[in-house]
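Student: Given next are the chains, with one letter for each unit.
2 protein chains.
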Amino acid sequence: MNSSWEIVVNGFDREKMNHTETILTIGNGYLCTRGSFAEKMEGQNVATFMHGVYDDIPVSFTELANIPNWTALQIEFGDESFRITEGKLHNMEQRLDMHAGVLSRTVDFETSSGKRAIIRFSRFASMAQRYLCAQKLEIQPINFSGTVKVVASFDGQADNLGLIHWNVCGQVVEANRAILHVKTRKTNVDVAMGMILGTDPEATIEQWNLEGHPSLCVVQDVSPERVFVLTKKVNIVTSRDSTDPVLSVNQMIGDCSGQSWEELLTSSVAVWERLWHDCDIEIDSEDDAQLIARFSIYHLLIAAPYSDEQVSIGAKTLSGYGYRGHVFWDTEIFMLPFFSFVLPDVASNLLSYRYHRLAGARKKAQLNGFDGAQFPWESAGTGEEVTPTWVPHFADPTKLVRIWTGDIQIHITADIAYALHMYWKVTGDDAFMAKRGLPIILEGAQFWVSRLEWNATESRYEIRDVIGPDENHDHVDNNTFTNFMAQWHIRLAISMAQWMAVYDHEGWKRLSARLNINEQLLTSWSEKADMIYIPQALPNGVIEQCSGFFEMEQVDLSHYAGRTRSIQEIFGIEEAAKIQVLKQADIVMLMYLFRELFPKDVIQANYDYYSPKTDHEFGSSLGPAMHSLVASWIGRKEEAYEHFMRAGQADLFDIRGNVGDGIHAASIGGIWQTIVFGFAGLIIDEIGWNVHPKLPGHWKRISFHFYYQGQRQHVEVTQEGGTDD
Amino acid sequence: MNSSWEIVVNGFDREKMNHTETILTIGNGYLCTRGSFAEKMEGQNVATFMHGVYDDIPVSFTELANIPNWTALQIEFGDESFRITEGKLHNMEQRLDMHAGVLSRTVDFETSSGKRAIIRFSRFASMAQRYLCAQKLEIQPINFSGTVKVVASFDGQADNLGLIHWNVCGQVVEANRAILHVKTRKTNVDVAMGMILGTDPEATIEQWNLEGHPSLCVVQDVSPERVFVLTKKVNIVTSRDSTDPVLSVNQMIGDCSGQSWEELLTSSVAVWERLWHDCDIEIDSEDDAQLIARFSIYHLLIAAPYSDEQVSIGAKTLSGYGYRGHVFWDTEIFMLPFFSFVLPDVASNLLSYRYHRLAGARKKAQLNGFDGAQFPWESAGTGEEVTPTWVPHFADPTKLVRIWTGDIQIHITADIAYALHMYWKVTGDDAFMAKRGLPIILEGAQFWVSRLEWNATESRYEIRDVIGPDENHDHVDNNTFTNFMAQWHIRLAISMAQWMAVYDHEGWKRLSARLNINEQLLTSWSEKADMIYIPQALPNGVIEQCSGFFEMEQVDLSHYAGRTRSIQEIFGIEEAAKIQVLKQADIVMLMYLFRELFPKDVIQANYDYYSPKTDHEFGSSLGPAMHSLVASWIGRKEEAYEHFMRAGQADLFDIRGNVGDGIHAASIGGIWQTIVFGFAGLIIDEIGWNVHPKLPGHWKRISFHFYYQGQRQHVEVTQEGGTDD
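Chains as they are written, first to last, in the numbering used here: chain A, 24 to 748; chain B, 24 to 748.
It should be emphasised that the hints constitute simulated quantities derived from the structure, not laboratory data. Careful, some of the hints might be misleading.
Repeated chains share a single entry, so a pair holds when one copy, or any two copies, can fit it.
Unchecked claim - Listed below are the simulated DMTMM-like cross-link pairs for lysine to aspartate or glutamate, each with C-alpha atoms no more than 25 angstroms apart in a straight line: (1) Lys422 - Glu597; (2) Lys63 - Asp79; (3) Lys209 - Asp36; (4) Lys63 - Glu229; (5) Lys209 - Asp182; (6) Lys209 - Glu62.
Can you build the whole structure from these sequences, using the hints too?
Tutor: This is the structure we're talking about:
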């Protein structure tokens with residue numbers, strides 16, 4: 024076992040506690056549980072989130088409901104509770120084994136009265152049985168004999184940072200088992216969870232059937248010669264999976280009672296091994312790159328919906344409260360390349376999520392007076408827009424700030440089409456494209472065509488009053504990214520229509536009839552797409568981000584070195600919108616997405632213009648990976664590496680200070696892209712794939728696999744094998 | 024015991040459940056507990072509120088935090104839980120004895136398997152020992168023998184309608200005792216609560232020391248010959264009362280362990296008897312008047328801060344979540360007359376609350392650019408403005424409505440001065456007036472003088488852009504009520520300054536120096552007050568409510584008979600502001616407050632103009648009592664009675680449908696006034712008091728006591744003794 028497979032946190036630092044909880048999250052794509060302590064600890068944000076288990080809230084409409092904690096263990100040595108902040112903490116190590124998907128924690132602890140013990144916790148969410156989680160507790164007394172009590176309970180009043188989403192429907196406590204049945208208060212999603220304990224035969228179990236808090240209290244005499252060992256197998260099922268979740272859980276508990284903790288773990292590890300066989304990236308280097316790569320892949324793997332096409336991955340995965348589990352373009356543009364290349368079934372599920380939510384997108388288009396399907400900027404259970412319109416101001420929570428992204432950050436619809444197209448190119452999944460891709464692409468194109476605004480003076484179509492990727496500038500006209508994506512999307516729709524007319528003629532007749540699409544219409548779309556205005560370029564090829572951007576004041580960001588806040592926070596929201604400072608890549612991102620379409624010197628000119636104007640440190644976490652990718656593409660190896668490390672350290676070392684809210688999902692998806700598309704230089708084109716490696720100077724080797732058209736491929740690039748063209 | 028001392032609710036009606044919880048609230052002026060069931064019941068809003076225990080929240084700034092439930096009892100017959108919705112409910116009666124302050128509930132219940140028992144619950148909050156509450160449970164098996172388990176617990180995750188305000192700091196469970204220590208998350212108010220159980224000697228008690236949920240499980244064999252009896256004595260102390268609440272509670276539990284439930288109840292009932300001796304109103308009539316009177320007084324008595332001058336009574340008393348425990352003018356104008364006349368010590372506490380919050384009022388004035396002290400429209404812990412500026416729209420919660428009352432409903436400052444003046448007139452408490460009244464009155468006057476706006480064209484002072492009592496009309500200029508109150512307040516300040524210069528010359532020198540007040544300034548105040556514009560009157564004396572009111576469209580409310588919503592809801596907020604429909608008395612209220620200053624025919628003309636334009640049914644609950652009072656004053660006995668009954672039935676019978684949110688505190692204060700000042704016609708003038716009775720035709724007698732200048736007075740009026748002048 025190489026240390027690059029493990030995240031190890033030594034000691035206890037209250038300041039870093041919430042960051043640690045996030046990065047040590049475990050999961051199996053069905054649920055994720057933050058790496059909080061099993062015992063209560065003030066200030067920790069204990070949470071288990073399950074895909075699709077949303078409940079309604081004010082202002083932000085909906086959020087993933089933190090389900091009752093399945094890991095809670097209350098430990099008593101006589102009349103002293105185990106709390107690392109009381110008594111003496113001799114040593115503590117938390118260790119996340121990403122290869123096996125197991126989090127363990129070893130504590131060398133002495134109570135106030137001097138009882139010392141080594142306490143070891145382990146937990147995993149089974150990759151082999153999605154409804155199964157398991158936990159083990161071992162207590163090795165060092166210098167005392169006496170009674171240990173351990174209470175294992177479910178808390179029916181689980182809350183989201185103080186807000187309770189649950190009603191308790193029922194519970195059972197008997198022998199060594201406990202079952203809790205809760206239901207979300209507004210959306211009526213049932214969650215049933217059961218536990219079965221394995222104890223020393225000498226231990227006794229008290230049944231504390233307190234309403235809302237079913238608990239089992241294990242009592243055992245211990246000594247240095249007599250270790251306490253408790254295993255807890257937990258099954259969790261929702262009404263999304265079963266018509267009778269309580270019955271299902273009851274059966275599952277029975278089923279797993281005959282299997283040991285080790286057997287269950289072995290099954291899970293076997294699946295993890297298959298996953299890593301497909302997904303791992305090996306990097307030979309002396310830096311943290313290998314750890315960063317595996318950390319990023321690990322967090323994508325625990326959040327991936329392996330067998331659910333009704334959910335997608337939120338902007339903070341399932342690892343924290345940030346963005347309330349809402350789904351953004353982060354999924355399609357940042358995470359989907361990973362899945363399309365290495366886990367195409369998951370990519371198919373994520374894209375199907377959008378397909379199943381076309382009704383919400385149609386509703387949004389209709390409410391706004393447009394045709395077709397306009398996907399929401401933030402999406403959750405229903406597929407309707409769930410972006411909050413007002414949020415508390417970051418500096419003064421008594422003031423409200425109007426959030427416009429849900430109204431006018433419209434490029435998301437084209438981003439989804441882009442992801443669909445990439446998935447299809449890589450996988451060759453024609454059936455999916457015909458059945459689910461085409462409706463999304465065509466109805467999205469209908470939206471774009473109806474959204475175009477004719478400028479009679481200039482004889483061109485414009486798209487006014489939008490927000491592009493760079494959210495520092497809102498209410499802008501003709502954002503190049505948006506206009507280009509709209510144009511590309513409409514043209515894609517036309518070519519895919521032509522493709523489908525050949526691929527599945529009967530299907531096309533039905534689909535085109537349903538959508539009222541015919542040859543003449545497609546011709547008119549093509550003419551309109553040709554007339555979409557793409558903003559002016561400078562003589563050297565630098566393209567204006569949006570109308571009027573070049574006239575805005577320029578600010579030298581080097582004057583703000585050492586700052587600890589974003590430029591938007593320093594200038595204020597309104598002033599920041601008037602200067603040439605970007606929250607994240609905008610034109611640079613466009614150049615990356617369509618890097619084959621732009622001459623390299625144009626890409627370079629735009630990179631050189633916009634990158635120094637971008638708030639890489641405290642702007643969007645979506646930015647660094649994109650800049651790394653473009654820097655690689657134009658041969659700026661050092662900058663590519665610098666941006667890669669910035670992205671890689673964001674979550675691992677919390678350099679933005681907000682990882683307590685959850686993993687930056689777009690960033691980790693972007694990190695995978697920087698390695699595969701950037702440093703290894705993998706390119707898919709019309710005839711297949713090839714690589715143009717741009718390894719950082721001190722890296723020796725990158726090796727990984729992917730699937731192309733259903734066939735497993737291997738890429739291994741070294742310094743010698745690199746080209747620098 | 025007369026039935027007019029009791030509120031009795033028979034059977035179980037889920038629709039009326041939340042209303043019943045509110046009206047059956049018990050309390051002792053330190054805390055109140057809603058009349059929810061001891062066992063869990065979905066949909067009930069279990070709550071105990073304590074004066075001054077606020078915690079911060081978004082949008083509405085602060086709210087009273089529901090403390091951990093001290094009444095929770097989980098009852099098990101073998102493996103069957105006691106829930107009235109499972110099994111068979113043969114009979115249920117809830118009975119609030121307002122004379123003794125005891126709520127009891129008797130349930131004849133049969134489990135699904137056929138075990139039948141009579142279960143009787145009783146609870147009270149001790150009027151004799153503010154930190155003490157007590158509960159008793161008796162279970163009489165009818166047709167079975169077996170084991171009964173009863174779990175008594177505190178829940179450290181108590182929530183306010185889903186929002187948790189508490190962190191658990193510690194707990195103890197041993198023998199027959201349990202203690203829980205919690206702290207509000209934002210304001211760091213500690214609450215410690217302890218229970219000690221009294222059980223049958225044959226019963227056993229299991230200690231379930233589950234973190235956050237300390238519980239005692241009582242197990243006993245029962246039979247028709249062997250009744251189960253459990254008593255629970257509870258002590259609750261906050262860090263507002265003790266530097267070590269846990270220690271205090273621990274001592275108190277010890278102290279009361281030697282006293283029986285009956286002894287504790289007897290002490291409490293003795294105090295209740297003294298209270299009723301002073302506060303009761305006897306009404307001889309065949310209608311519900313006697314019950315309405317006692318119900319209103321009871322709810323004032325349980326919410327009255329008897330020994331705390333740092334708190335006031337919120338608009339929903341301590342009986343529900345409505346208005347989040349915020350304090351409005353409801354206290355000073357509607358409730359304070361009751362306290363000033365019958366419990367002057369409480370009145371002094373309530374007025375002292377405002378005195379101690381002058382800093383908040385000064386801050387508000389300063390923030391708005393004014394002098395002196397401007398009291399907040401909604402007040403809570405700090406005395407700063409806590410009116411939410413935006414709230415969800417009643418018809419579409421995704422839309423926000425701007426609430427302007429915190430910005431411009433400014434008459435509150437004069438309302439407080441009015442209450443102070445009345446308190447002083449009735450009690451003759453010169454020391455209080457000099458020490459605490461004068462600063463409030465003078466600094467309030469400083470606010471008013473700085474708030475006046477000079478209209479050079481008309482050569483007069485105006486007060487523009489306000490909301491008067493009638494909140495249907497906002498952003499109005501020269502609201503007569505506000506202008507008149509401002510003028511009266513400034514003149515009161517001048518006369519009280521003159522009074523104090525004589526009463527306490529040295530004190531006056533210090534106070535006037537601190538406030539920079541001298542003779543010349545007072546003269547200028549007098550001149551300014553004289554020049555305040557009081558809007559035009561029609562030839563018959565009808566005064567315009569605000570500038571432009573007479574030009575607004577008139578709407579015949581009789582066309583909207585049978586409606587179930589307010590006129591504001593029917594027309595919408597903006598349209599309702601453009602028509603002559605009032606949410607509540609405005610000019611009519613002014614006439615009542617200064618009834619000695621207006622000729623009776625002017626009062627009558629204004630009543631006849633405005634009353635038919637007022638939404639008596641679904642407008643403000645503050646309105647009916649005021650209309651009853653003015654109707655009495657002008658001899659409209661039937662209308663006076665009709666409005667009295669409308670006010671009286673509002674809470675008792677939930678005719679507005681929102682009593683689940685709490686008692687309408689202004690309405691019950693107004694009801695007391697309708698009887699004492701309206702029907703009995705009590706008047707205080709410069710030389711003393713006298714009565715001008717206007718008894719409803721079918722009432723035989725009203726009898727009550729009050730204190731005038733410290734002396735107990737008795738009023739008894741009958742039909743014969745009435746005058747109709």
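Student: Compare the structure with the hints numbered earlier in the document and write down the numbers of the violated ones, lowest to highest.
Tutor: none
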